[in-house]
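Work out the full structure: start from the sequences and follow the hints.
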Amino acid sequence: MTKDFILIMDLIGTVAFAISGSMTAVEQGMDLFGILILALTTATGGGFIRDLTIGSLPPVVFRNPVYMILSFLTAGIVFLVLKFQSLRPHSERVRLVYEKTLLVTDSLGLAAFTVDGVCAGLVQTDTNLFLAVFLGVITGVGGGILRDLFAGKKPYVFVKHVYALASLGGAVAAYVLPRYMDSGISIMISFGIIILIRYLAAHFRWDLPRISSG
Amino acid sequence: MTKDFILIMDLIGTVAFAISGSMTAVEQGMDLFGILILALTTATGGGFIRDLTIGSLPPVVFRNPVYMILSFLTAGIVFLVLKFQSLRPHSERVRLVYEKTLLVTDSLGLAAFTVDGVCAGLVQTDTNLFLAVFLGVITGVGGGILRDLFAGKKPYVFVKHVYALASLGGAVAAYVLPRYMDSGISIMISFGIIILIRYLAAHFRWDLPRISSG
Amino acid sequence: MTKDFILIMDLIGTVAFAISGSMTAVEQGMDLFGILILALTTATGGGFIRDLTIGSLPPVVFRNPVYMILSFLTAGIVFLVLKFQSLRPHSERVRLVYEKTLLVTDSLGLAAFTVDGVCAGLVQTDTNLFLAVFLGVITGVGGGILRDLFAGKKPYVFVKHVYALASLGGAVAAYVLPRYMDSGISIMISFGIIILIRYLAAHFRWDLPRISSG
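Residue numbers (our numbering), protein chains in the order written: chain W, 2 to 215; chain V, 2 to 215; chain U, 2 to 215.
Wrong hints could be hidden among the right ones.
Some, not all, of what chain V presents toward chain U, calculated at C-beta under 7 angstroms [to be verified]: (1) F34; (2) V67; (3) P179.
Stretches of chain W that chain V covers, calculated by requiring three or more beta carbons in the stretch to come under 8 angstroms of a beta carbon on chain V [claimed, not checked]: (4) 59-65; (5) 71-78; (6) 148-154.
Hints listed in this document are in silico derivations from the structure and should not be mistaken for laboratory results.
For each residue, glycine too, the CB sits at the ideal point set by N, CA and C.
Set out below in structure tokens:
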């Protein structure tokens with residue numbers, strides 16, 4: 002049951018991250034190939050770095066083709082939709098629905114990938130808090146970092162909001178909670194923590210302190 | 002015979018990629034050290050990522066010094082030539098010959114590195130189409146991606162033409178063909194496919210579809 | 002004794018590199034999370050790439066938490082100091098002392114990390130000059146490369162001065178010298194070579210040749 006839940010969330014996250022990669026590629030004027038590759042990179046890049054870090058080779062993305070196929074399918078659909086959409090004026094309402102959908106799926110993806118990353122760490126014999134949390138966060142945000150680097154942008158995760166903090170909070174929970182409760186329940190709670198922080202941050206426009214450059 | 006052919010193409014590719022790395026470094030105003038390192042990165046970076054991906058460590062570039070030495074030699078020659086060349090006006094004809102030469106050697110390098118990458122995958126026991134093709138393409142284009150990232154440019158391969166598509170087509174061929182024919186012949190055909198797509202794309206100015214930003 | 006010396010230098014280097022990462026993050030307008038991550042990346046990114054290259058997994062940064070904790074502590078202090086400092090005018094003298102201190106600690110860090118990287122290579126059975134020197138240099142300068150990539154800047158090490166050359170010189174020494182003398186002494190000499198080149202380069206404003214773009 003827990004495994005099915007994580008798998009479904011992983012698939013949703015893959016689609017959401019592939020959409021965000023495709024959109025970034027389109028913004029940057031890349032061609033169809035660039036769109037496909039940036040979708041794949043965003044959706045699977047975090048897991049790729051996670052697998053390199055623990056020496057689980059070849060990385061999962063090449064062992065289970067479903068993530069790659071799903072990324073390409075998503076990118077292809079985004080490409081077709083944008084081609085078609087550009088022919089007529091956007092309704093404000095469609096855009097709003099689109100942005101809400103992207104926020105929700107992206108949050109689910111961040112949560113699923115983060116929990117996934119920590120679980121990959123817990124399987125290792127020599128895991129500690131630092132490694133497990135790193136694996137969780139890098140699986141959650143690593144694809145977005147590569148996406149921005151390849152698009153020639155400053156990585157979003159370093160600049161804005163508490164995106165990575167949500168991932169961090171969930172990763173710590175996913176590492177600590179299994180000592181005190183059933184692992185299925187702890188996964189659900191960690192998952193919920195990420196969604197909650199992300200939602201509250203977006204809703205209340207939370208921001209972390211920074212040095213005012215004034 | 003096939004092995005000798007691939008080795009010779011690898012050496013040509015190393016020189017071509019080292020030239021392209023050196024030229025990029027010069028364009029960006031880097032000093033001699035930057036030129037040497039960018040030449041090395043462009044020529045060997047793809048193979049480095051390939052070896053990390055399959056856990057073939059330490060990477061080939063450190064096991065067989067010929068690629069490193071050849072990269073440095075090439076970068077040194079480019080540096081001297083440009084120092085000397087800048088003293089007198091460029092003839093248009095020299096520039097044309099130079100660009101043609103670079104296109105041809107770069108194509109040979111892309112083909113050799115791609116086929117090489119797929120072969121590295123075929124040696125692994127748990128290779129599938131996705132892993133083998135990734136290894137081929139990343140060996141072919143990975144050095145150029147790192148070159149552009151280090152030079153502060155948007156990676157060329159994501160923006161322009163069908164460069165990576167040639168690598169992709171050849172990688173698929175190099176994975177599939179050995180099932181139906183002698184591996185030496187299949188390598189030659191895959192090699193030829195890459196050269197052909199690259200040549201046709203450059204000649205007919207092929208381009209992949211993109212979303213018009215108009 | 003030698004081990005203690007290297008460890009102390011490593012800790013100093015970690016602090017220096019974490020400061021440089023924090024400062025870069027502040028310059029780029031990142032928030033507290035970005036500052037912490039960029040400090041960690043700068044201080045431990047080079048060792049991370051080194052460990053991936055030789056398959057020493059999980060990377061040291063996750064096996065010994067002291068480097069991570071020290072990076073975060075340093076970043077937190079930098080953040081507080083800058084928050085506080087911005088309230089009153091900087092005295093020119095404070096700024097000068099600050100820059101001198103940063104140069105000295107950064108040099109110590111570069112030296113310690115470089116020697117460390119070569120030593121990690123010497124432990125491997127199949128090390129040669131190329132691998133050992135790469136491990137030394139990437140441990141020394143890799144964190145700075147990642148820092149600049151994440152900050153959206155062209156990597157400093159490719160653009161300016163003989164920073165990497167100091168690392169390179171020390172790395173070659175750390176590989177070659179142990180054949181002729183006690184390994185403790187060779188480490189000290191290699192360490193000194195890096196400090197010396199770096200100091201002389203900064204003092205005499207040494208620069209490597211480049212192609213004049215005039």
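Tested hints:
no.	hint	verdict
1	F34	holds, 5 angstroms
2	V67	violated, 10 angstroms
3	P179	violated, 29 angstroms
4	59-65	holds (count 5)
5	71-78	violated (count 0)
6	148-154	holds (count 4)
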